[in-house]
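Visitor: Working from the sequences, and respecting the hints, build out all of it.
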Amino acid sequence: MFKDVIIGQYVEGNSFIHRMDPKMKLILTLLYMILLFSVKSIPAYIIATVFTLFIVCLCAVPFKLILKGLKPMIFILLFTAVMNLLMTRGEPLISYELFGRFTLSVTKEGVRIAVLMVVRLLYLLIGTSVLTLTTTPLKLTDGIERLLKPLDVIKVPSHEIAMMMTIALRFIPTLADETDKIMKAQLARGADFESGSIFRRAKALIPILVPLFVSAFRRADELATAMEARCYHGGEGRTKMNVSRIGSRDIKALVIFLIFAAAAAAAEIIV
Amino acid sequence: MIEIKNVSYCYHKEEADGRINENKVLNNVSLTVHEGEFVAILGHNGSGKSTLAKHMNGILVPETGDCLIDGLSTRDEKKLLEIRSNVGMVFQNPDNQMVAAVVEDDVAFAPENLGVPSEEIRRRVDECLKIVGMWDYRRAQPSRLSGGQKQRVAIASVLAMEPKYIILDEPTAMLDPKGREEVISTIHRLNRERNMTVVLITHYMEEAASAERVAVMDDGEIILDGTAREVFHEIEILKNIGLDVPQATELAFMLREDGFNIPHVITVDECVQAIAEALEVKS
Ligand SMILES: Nc1ncnc2c1ncn2[C@@H]1O[C@H](COP(=O)(O)OP(=O)(O)O)[C@@H](O)[C@H]1O
Ligand SMILES: [Mg+2]
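Protein sequences, first through last, are from chains A and B. Residue 191 in this note's numbering is what sits at position 191 of the first sequence, and the numbering runs on without skipping anything. Residue 158 in this note's numbering is what sits at position 158 of the second sequence, and the numbering runs on without skipping anything.
Just so you know, the hints here were simulated from the structure itself, not pulled from any lab data. Be aware that one or more of the hints could be misleading.
[Claimed, not checked] Computed footprint of chain A on chain B, listed as stretches where at least three residues anywhere in the stretch have a Cβ under 8 Å from a Cβ of chain A:
no., region
1, 44–53
2, 97–105
3, 111–119
4, 137–147
5, 156–166
Bear in mind that the values here come from a model prediction, so they are computed numbers and not experimental data. Even glycine gets a Cβ: it sits at the ideal position worked out from N, Cα and C.
Guide: Now the structure itself:
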């Protein structure tokens with residue numbers, strides 16, 4: 001049941017995007033998000049679409065895999081669509097009387113905003129999937145650490161944040177396996193997670209969560225000892241096996257993105 | 001040389017009613033491990049083996065007594081990194097000692113902590129993965145490996161510090177027989193070919209029998225210390241504290257009790273030979 005979790009599901013490859021510096025990939029992902037949330041007109045959306053398709057083709061990861069990663073997000077997408085459909089005021093297309101008091105209506109503006117919002121979120125998810133699918137977790141956390149490094153002066157614990165993420169990524173599969181195991185063990189004893197009210201189902205989760213937490217604390221304790229035994233003493237004086245630097249490839253990527261962004265901005269202004 | 005001199009240690013546990021409960025786990029323990037030795041430490045659960053091991057690289061500091069690694073005391077905080085990089089430690093649960101989500105990054109963890117230059121880290125990672133025979137898996141995720149493979153990666157991760165001593169705390173306890181064999185043969189090869197000093201904590205008698213020297217712990221004390229042959233000769237003492245002896249030793253012992261003329265043995269091969277000789281004499 002946890003097989004769809006895409007975090008840390010790096011796909012080996014040698015594409016242009018795979019070989020980019022993780023810092024630049026993170027910066028571009030951030031800029032891409034900002035772009036997605038600032039476009040409003042249809043032509044600008046078309047430009048964003050072209051750019052999204054462009055990076056999907058460029059990253060040489062099978063499109064099926066990207067779609068698989070989107071599956072767990074379907075609920076959020078649907079929720080966004082429904083909320084926008086029902087909550088936007090304007091010229092009503094369909095109306096429905098509820099208990100003779102409230103009127104639920106789907107408006108023309110609602111449809112438009114819902115579609116745009118879903119497309120926006122979809123592109124956002126695709127963009128971040130491309131990032132995580134083409135970057136090893138270690139490179140990713142390394143990139144975050146290096147980007148946050150300048151914030152050390154205002155006491156942002158950049159190394160600790162990166163280390164926490166590394167360990168979280170390392171233990172997600174382990175804990176997912178363990179949850180599966182505990183769940184099967186409880187099922188074998190007749191536990192029922194699928195029927196009953198929400199309250200009952202939540203209660204049925206307690207026998208899973210308690211052993212999971214106990215084991216997580218034990219693991220944390222042992223891992224801390226093992227890290228200490230391997231001379232871990234914080235970020236001070238640490239070196240890295242792989243040091244990546246921003247190179248001409250990354251500058252090229254930045255320029256390409258800026259061209260698309262400028263085109264989108266122009267489209268916004270003209271319309 | 002690892003010198004443990006009259007070390008005592010207690011865990012302090014706060015009871016529900018606020019009393020502090022002292023649990024004396026090591027009681028005046030002395031043990032010296034010389035360079036190049038292969039020492040096995042035996043003892044049943046809770047006898048203090050792990051606690052003793054954690055003293056050897058300064059994770060725990062003795063309450064009384066001293067623990068010296070090549071003359072450096074583990075009490076000296078400034079020397080702690082030097083001590084730890086010299087005394088590598090492998091733990092029981094392979095899942096709970098890996099930090100990174102890719103094998104080679106995990107092996108790089110220790111030298112990164114020590115501030116080793118990048119190219120040198122790369123060289124060490126490749127070398128150590130080759131030593132334990134896991135180089136082909138350098139890009140793999142630890143969660144996809146078998147128990148024996150994970151433990152070999154853990155050994156490589158420790159070797160990357162280029163330690164003189166390696167302490168293994170029940171490294172095979174969670175493995176299947178195949179994984180156990182992989183790990184034990186790797187440790188023996190390190191000892192033989194690289195002259196690595198090994199301290200192996202185990203509760204498998206066969207593993208202990210393959211060590212040069214065996215120390216037996218019971219209730220926080222070392223009660224026997226000698227060559228494997230000497231220690232397993234004390235069958236009565238071992239049985240008394242609830243430990244077994246290797247099956248071969250046990251068989252020879254039982255035959256001897258029954259009046260056969262069979263000497264003390266510790267390996268299966270010796271046992272086979274001794275029985276064959278005894279049968280020959282008889283016929
Ligand atoms: N962190 C701890 N806190 C309190 N007591 C502990 C701790 N670790 C071990 N002990 C106790 O110390 C004793 C010896 O434990 P340990 O050294 O792990 O033995 P062994 O490795 O031989 O099984 C046990 O009785 C155990 O309950
Ligand atoms: Mg133990």
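Visitor: Against each hint, give a clear statement of whether it holds in the structure.
Guide: Against the structure, the hints come out as follows:
Counting residues of the region 44–53 of chain B whose CB lies closer than 8 Å to any CB of chain A gives 0, which falls below the minimum of 3, so the coverage claim is violated. Chain A is given as covering the region 97–105 of chain B, and this holds because 8 residues of the stretch bring a CB closer than 8 Å to a CB of that chain, at least three being needed. Three residues within the 8 Å Cβ limit are the bar, and the region 111–119 of chain B against chain A gives 8, so the coverage statement holds. Counting residues of the region 137–147 of chain B whose beta-carbon sits less than 8 Å from any beta-carbon of chain A gives 4, enough to reach three: the coverage restraint holds.
Only residues whose C-beta sits within less than 8 Å of a C-beta in chain A count toward coverage, and the region 156–166 of chain B has 3 of them, enough to reach three; the restraint holds.
Consistency with the previously given hints fails for number 1 only.
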